[in-house]
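J.: Kindly generate the complete structure, drawing on both the sequences and the hints.
Going down the list, the sequences are from chains A and B. Heads up: the first sequence at position 232 corresponds to 232 in my numbering, and the numbers run straight through without jumps. Position in the second sequence (first residue = 1) + 237 = my numbering.
Calculated directly from the structure, the hints in this document are not laboratory data. Here the structure is a predicted model, which means the values were calculated and not measured. No residue lacks a Cβ here, since even glycine has one placed at the ideal position from N, Cα and C.
Label-pair distances were calculated between CB atoms; the ranges are:
1) A:107 / B:328: 36 to 42 Å
2) A:106 / B:365: 40 to 46 Å
3) B:343 / A:167: 48 to 54 Å
4) B:459 / A:140: 49 to 55 Å
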Amino acid sequence: MSEFLLEAQELNTRYGSSHILHGVNFKIRYGESLALMGRNGMGKTTLIRSMLGLVRPFSGQVRARGEDVTGAETYRISLMGIAYVPEGRGIFSSLSVKENLLMAARPGPTGKKDWTYDRVLDRFPRLAERLKNGGNQLSGGEQQMLTIGRALMTNPDLLILDEATEGLAPLVSREIWKIVREIRESGIATVVVDKNYAALTAISDRSVILVKGRVVFDGDSEALNGDSELIAKHLGV
Amino acid sequence: MEINSILIQLLNGIQYGLLLFLVAAGLTLVFGIMGVINLAHGSFYMIGAYLAWSLAELAGSFWVGIAIGIVLTIILGMVLEVVFFKHLYRRDHLYQVLMTYGLILIFEDLRSVLWGNDIHGVVIPELLNSSIQLTENLTYPMYRFFVSAVCIAIAIGLYLTIQRTRLGMIIRAGATNSEMTQVLGVNIKLIHAVVFSIGVSLAAIAGMVASPISSAYPNMGTQVLITCFVIVVIGGIGSVWGALAGALLIGLADTFGNVFAPEYSGLSVFILMSIILIWRPEGLFKRSYK
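T.: Here's what the structure looks like:
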């Protein structure tokens, strides 16, 4: 078994004639928590989408649990224990809150069933109050809880959160960070993208910074947090 | 006109409408979920009728014939999806119309080669070959009640499948956001094949149960297809419940149009469509799962 849950090697991805990712190397270990950072348009989402089979990389390799999954179908990568909460959240508006959760339910790739419907509702009591509501009748914070809860219903080993707190009120954001920390402590690996770099480095072991589709920093989150010059250079607005 | 014959026409209209619903449901599902305009959908109705005729003769029993026919059309649906239709999902409507029109020609030629160009009557199974006494001087064929009952049972089954089962949730999720559905581990291609196959077999079942009333004859799918497009449009494209309402309206309009104004028969359906579309340009129902 590979020591890495998900890895990208020398990944190049293009959209039409624009070259987005330039030979990106990216690895995440089992149980590790990682912050993926960079300004807008630097390739964070493209990197995630390339690894999940939502975009076909032009060259390079993607491996999940040591197996080559470059260009594999997204659902197969998902079944290997990789859950993704995209920017914009992707709630099914035609399904109720309850159905949004139930349609995703399954044991993890190793058969673990830590997250059941009841446990998700237990952790997100707000959702329990809105089971019959349509997915589009929720507030932003509730929507984010629903998509995180739905991702947990698949009992993943890795949860990828793109723009975890974007558009959420500070109080709601704090709740989301608390949930992310709990998920991390439960042993699920996390890759989180967010603009709140302080919160992000505080809850991650390692940070990766992308600039124009290239990895410019890959190291300890604590070290990054102390290096305000580096942060200003690559992430400052 | 006497009340008795109005009652008979009412029953006929409902029965015809329910039958049209089976065909229209598949058409609207495939359009609503995969975005494909399938002109060849009427051919499945014809294939159903011919299968019922030939398999009933071969097997010596209408029921065995229908059972085998349903299995065959489910398989046919899967094969057609994998070989032809899955390539159309992301294409322009022009490609869809061209290919599915081509399929109509192929199905008609195959029908001609396999079954010839004659009209074939299908015998009503003995069990249902009777009449029900509704009032003192009013009887109605048992077989027509049977057709309505089958259609109602299928409509209920379809409702429960789409609204109450996990498969139904996944189908609705896939129609709303196919990418997110895959991200959650669903093999959307398989779901599409299942939906398409359900659509094919519903149309074929309609053709099978209709065959003792209408016979099996060349090009019988074309007329049904046009009527079903009208139904899908007035019901609201992609809405199964709209298709049910539209089918009943069209069934009644067509039946009573033929009775009251036979010289304009065939026009009533389109008059109804025009009125509904002026009133509600998007159709009666909005797509219920989007």
